[in-house]
Amino acid sequence: MSAATATTPRLSPFVTRGSDHCEIDLVIEGARCGGCLAKIENGLSALPGVTTARMNLSTSRLHLEWAGSGETEAARADDFAQVLHDMGFGAGPYAPDAADQARESESKALLLAMAVAGFGLMNIMLLSAGVWAGGESMSALTRSFLHWLSAAIALPIALFSGRPFFRSAWAALSKRQTNMDVPITLAILLACGLSLWETWHSEAHTYFDAALMLIFLLLIGRFLDARLRARTSMAAQQLAALQVRSAARIKADGSVETIPSEDIAPGDRLLIPSGEALPCDAKILQPGARIDAAVVTGETALIRPDIGETIYSGSLNRGQAITVEALRAAGDSLLSDITRLVEAGAQAEARHVRLADRAARAYVPIVHTLALATLLGWLLVGAEPRTAILNAIAVLIITCPCALGLAVPAVQVVAVGRLFSRGILIRSGDALERLAAIRHIVFDKTGTLTQGQAVPDVSHLTPKDRSLIGALATRSAHPISQALAGLAGPHTIEVVEEIPGQGLRGRIDGSPIAIGQAGFVGGAHERDEAGVWAKIGDAAPVFIPLTDPIRPEAPSAIATLHDMGLTTSLLSGDADAVAQSVARDLGIEDAKGRVTPEDKLADITAREASGTPVLMVGDGINDAPALAHAHASASLAGASEISRAAADIILRGDTLAGLPFAIRVARAAKSRVIENFAFAAGYNMLAVPLAVFGHVTPLIAAAAMSGSSLIVTLNALRMRRVGDYEGPDHPGRHYDPQTINPVGQGALA
Amino acid sequence: MTSLLWLIPVALILGAGALAGFVWALKSGQFDDPAGDAERILGEDDGPDLG
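Protein sequences, first through last, are from chains L and G. This note's numbering applies: residue 1 is where the first sequence begins, and numbers increase by one. This note's numbering applies: residue 750 is where the second sequence begins, and numbers increase by one.
Next up, chain G with everything else stripped away, as it sits in the complex (with noise of 0.2 Å):
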């Protein structure tokens, strides 16, 4: 029983974090391109680091 309290807020600290790393790539705009992006990473070379 006593496992519950710490497993639970581990579980939920863990899904904040990714929750939160979504909500992070949301806003920097990192879903704005993704037919792009799935092209550029097979480029050869790096392009100019616009972020």
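Excised from the complex, chain L in its bound form (with noise of 0.2 Å):
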């Protein structure tokens, strides 16, 4: 995904037209600082008619205003990105969806539930402090008259503040399933009935402030899962909305136009100029088409459609520009039976359990076995009914999930943070789980461990020859061009020619020389690779190959990988030879060329079966039905749409330097989790007794309930730390672009 070959989206049909102005939410890119915020608000309240423009940096939304409300006006909006992308900042439009606003909106009914419960809590401790403190000396009535101004403030606040737990509790139920919600809804209603009794018959103990202690910490674990959520679906949504394209479509009249490519219709003459990618399938309808299919099947060397022939969205022209009729629209475009292989492999990741769940299944029926034996323990050794029911309630108060209920969420938001500072988007909290279990990473070639950008290869040529060849593309701004750029000698340039698609001609030191098209040099062939040919004074035209180079930071990360004890391999749709090249360059074990997506598949169920959890990373569409189907999975920023929509991880600086990072970060998380249910398993293993035996106070279950949570939120934040020490460097394994030979030569020479 280069920023140099993306087209500004049209955003006009984004804009909300009122009745005399017009307003638009952008997601914005790149914006990170106090100093970007005031950039962007500043520059665009400059401009003439902008009445607002008001930057949301903790979301990365900008609200833009401006007056007027025709046609005109609201096509300013293209104008608006182009300023921003001049700025250095990347623009796309944000349509809010409904499951956005819900998040939001259970967000703050989550944060108004905690506060309202702190405040009772903070209140009724004042009280509780005093009736413990109080002890024997207080007369039975000042304590009866502190319990009832308890349960005055408990009970409205517990049933106020308890809602999301007796929600989820009542929905697991009506199942017929249990969750962690369960045993904490029972804990709380208990919780206040007991005391509510205990008040009315003015008895000295009251476990108001336990019960509104359980709903406050809890709270306070949900809201971070919440905002975790929040934040994952907002960084994917950011990428996803800086993904609008546009495309050029053919009127009737020949004129062309330029459209969303969400607006293409089947049957539209679209215009795909040289470098871009089909926004849709489409059919070509003029002969000479030089198309490079690697995104689709991973193969590098291109391919010459005949008239007719489907091409797949998503595959690039490399020739000249083409004419081409949309088969369907871009959103129905990706290949049908890829789509069909991801939903299938979303639904076998839904069938992962989280951590939490599981530990929740083994503890429900524990628990409610052990207070249902201590009451029948209680009434069998001959005690009052009263001291039965009293103990086996203290014994559901003390055991609830309190520290569980944190242990998670607090780690996990630790993790994602951490992740994020680095630029590794995750999508779930589960996702992080399922990294920290992989034991096999399969690789994809084309674009995951190479670059997946045309760079051309001129180690054939003698050096005066580069140096020739280098010096007339610096007076041409085309890619190929910049990239030759860089080989110049100092020469002197007299004429210079270029004609767009086709090439570039000059003289140099009196000798003509060009480089472009076969046909445009003279004297060549055309061949069935990407490249460039080059003819110097009189000498025989010369083959430059575009070649697609190993990542410069993929040996270390690979080296790093293997010293995590982690097995790789590497499965590629390209030619069988170039996939091993690379497998040895790298120190990959084990490679395989000419790979179907199916085949992809195939290889990882069969790990997967074996008992081994796979770590797909890949970014071809021919990846995404592997990507969805692995236990783990990770993207690059540059990969294709339907390939980041299935990954687990998307590795935001295109970089797979994260990757060993990341993994780091997720096997911390999940011994951090797994130390959490210790404390907690722990605490309640010392617990517990005490309540059997009816030796629990409501002092006794304040201090242990928040001396838990504390721990539990401790220990979570250790995981800041996690990744500082980035393990044994390889300094003699870089990639060094002089020793190892660029890839694909070889089998395509």
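None of these hints come from the bench; they were simulated from the model. Everything numeric in this text was worked out from a predicted model, so none of it was measured. Treat the hints with caution; some may be incorrect.
Some residues of chain L that are not near chain G, with every Cβ distance over 12 Å (derived) [as the list claims (entries may be wrong)]:
no. : residue
1   : G35
2   : G130
3   : W197
4   : S255
5   : P305
6   : S428
7   : D603
8   : T605
9   : R667
Here are the in silico distance ranges between beta carbons for each label pair [what the hints assert, rightly or not]:
no. : chain 1 : residue 1 : chain 2 : residue 2 : range
10  : L       : L714      : G       : A760      : 26 to 34 Å
11  : L       : T369      : G       : L754      : 43 to 51 Å
12  : G       : W755      : L       : L714      : 37 to 45 Å
13  : L       : D100      : G       : K776      : 16 to 24 Å
14  : L       : A437      : G       : I762      : 50 to 58 Å
15  : L       : E71       : G       : D786      : 34 to 42 Å
16  : L       : A109      : G       : W755      : 33 to 41 Å
17  : G       : D786      : L       : G68       : 24 to 32 Å
We treat Cβ as the ideally placed atom computed from N, Cα and C, and that holds for glycine.
These two chains come separately, so use the hints to put the complex back together.
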């Protein structure tokens, strides 16, 4: 995804037109600090007619309003996006959906419930502390008064703030299931009910403070979890918004109009400029097209489709501009079987049971059995029913999974924050759990281990020829020329003529020189691989192949992964020899070429069936089914849209360097969660015997509950330091372009 | 003992006041952009007042 080839999306469909003004919400890419904020707001406010420019840095959204409500005014949205682009920020339309709004209001409702519970807790603690300190010296009347006051505060607040738990427990029970919220709800209701009964009978102990503390601490966990989900979905949405592309449609009168690619209808004739990707599946309408379908098939050699042949969306036009006929709308255009495979994979992933839920399934029956046994045990030894019930309820209150409710969200919030700060987006909290479990990594080649971009390979030319070709190339802005220009030597260029789509001609030091297509330089013939021809003086023209070099960070990233005890393999749609040579250069043990999407899927399924959880790293459309089916999956920011949609993790900087870090953080997060569960279990083992034998007082319950929650939270905060140590470095194994052959050269020459 | 009769209401009123303040802040959108507000306060000039 290079910024240079991205076309500015047309934003007018997203503009809301009022009676006298227009407004739009944009997602902004790249705004990180107060400086960016001021630059964007001041820069846009200064434009004529702009009345409001308000940036929200937390959600990376910009709200813009400007005067006028006509068609031309609405079209100004694109100018604003261009202004932002010139400042160095990406801008895409923000189209809020119902799920977003639900998430935002849920998060606000949780915050409100938390604040109310906090208020109630403080006041009741004040009263409870009085009762605890007063002890025997307090008159029964005073104590009773304080208890009634507590009840008046606690009951309405517990009913208000406890609603998230009641709702979730009810939903589980009505489906004849249990979850963590069932014992929570039971503990809250029983604690309140018991306390009210005790207050009514002027007894010494009430648990109003425990009930509210339970709600308050658990709401913190809920709120953290909600914020985490909002943050991850926001990040994914931001990437999607910036993907909006435009297409050039040829109208009946032959003129060309730019439309958003969602508006493409089957039968539209589209103009695909050189170097652009097809926005939808399309039929070729003219001869001589040269198509790079690497993103669809993984194959790097160019294909030359005949007229009428179907080319899939995402393929790049590597030849001259061509006219095609759209076969499907852009949204329907992804290969239908790939989409189907991806959907099936998403269902497979949903089968992953989150650690917290697994803990809950084991925990709930044990706790409820224990409470029942306490009740029956006390009745059997001849205690009064009141004592038996009191002790059984004390067991339920003390075992209520307060620390358990905080154990997972606290760790995940810290871990995800850590990954975000390094440019790694993670789709959900349980993706983190799945990532921690992987033992093997399957890589795609093109675009994942290699750069996925055409880089001219001049290793077979003499230094003199290189410097001449480089010197000519400095005179053109074409991407291939730009790549060649680095070779320029000190030469005098006399005449330069550039014919777009053909090539570049000139005279250097008196002799003619040309680079470009076969027909343009003369004496050359078309070849089936990507490249340009160069002719210097009277010599025969030479071919400069465009190759796809290994990412510079790939060797050290893979070495680090091996050091972490992971095994790796490579599956590529490209020729076997190319796959083997890349694997050899990177130290990957096992490589296979000419692999179809179905083969990739079968390989991963076989590995997982034999008990090895696999991480799939890929970027192409052909990787999407494998990404969706693998235990965990990662994609680069420059990957095809469907791959990014299927992946759990997106490496934002378009570099593999973040992968070892992400796995390290995921593993650390998993051990913190397990440690936290152990703390919670250990605390229960200490507290439960006390409760069973009737020694728990409200004071002990309050101290134990807050103490265990504090320990769990502090343990989660240790995550902040994970990954500061990057592991053993590999000084000798970084990519050196002088010693490693560019990828694919052997197979293509 | 009689001190309780006015100390407790005072405590409750103060607490309720703080809660009301928080609810007002939440409803008026002051928690919508914590990151932006933290940066804005450091800015030299006051931007357009937009509530």
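Status of each hint after checking the structure:
1. G35: violated (8 Å)
2. G130: violated (9 Å)
3. W197: holds (23 Å)
4. S255: holds (41 Å)
5. P305: Check passes; 49 Å lies beyond 12 Å.
6. S428: holds (22 Å)
7. D603: At about 43 Å from chain G, D603(L) clears the 12 Å cut-off, so the statement holds.
8. T605: holds (43 Å)
9. R667: holds (29 Å)
10. L714(L) with A760(G): 26 to 34 Å: Holds - the Cβ-Cβ distance for L714(L) and A760(G), about 30 Å, lies within 26 to 34 Å.
11. T369(L) with L754(G): 43 to 51 Å: Taking Cβ atoms as reference, T369(L) and L754(G) lie about 47 Å apart, which means the hint holds.
12. W755(G) with L714(L): 37 to 45 Å: Given range 37 to 45 Å: holds, Cβ gap about 39 Å.
13. D100(L) with K776(G): 16 to 24 Å: holds (19 Å)
14. A437(L) with I762(G): 50 to 58 Å: holds (53 Å)
15. E71(L) with D786(G): 34 to 42 Å: The hinted range 34 to 42 Å holds for E71(L) and D786(G), with Cβ atoms some 37 Å apart.
16. A109(L) with W755(G): 33 to 41 Å: Check passed, 35 Å falls within 33 to 41 Å.
17. D786(G) with G68(L): 24 to 32 Å: holds (31 Å)
The structure shown violates the earlier hints numbered 1 and 2.
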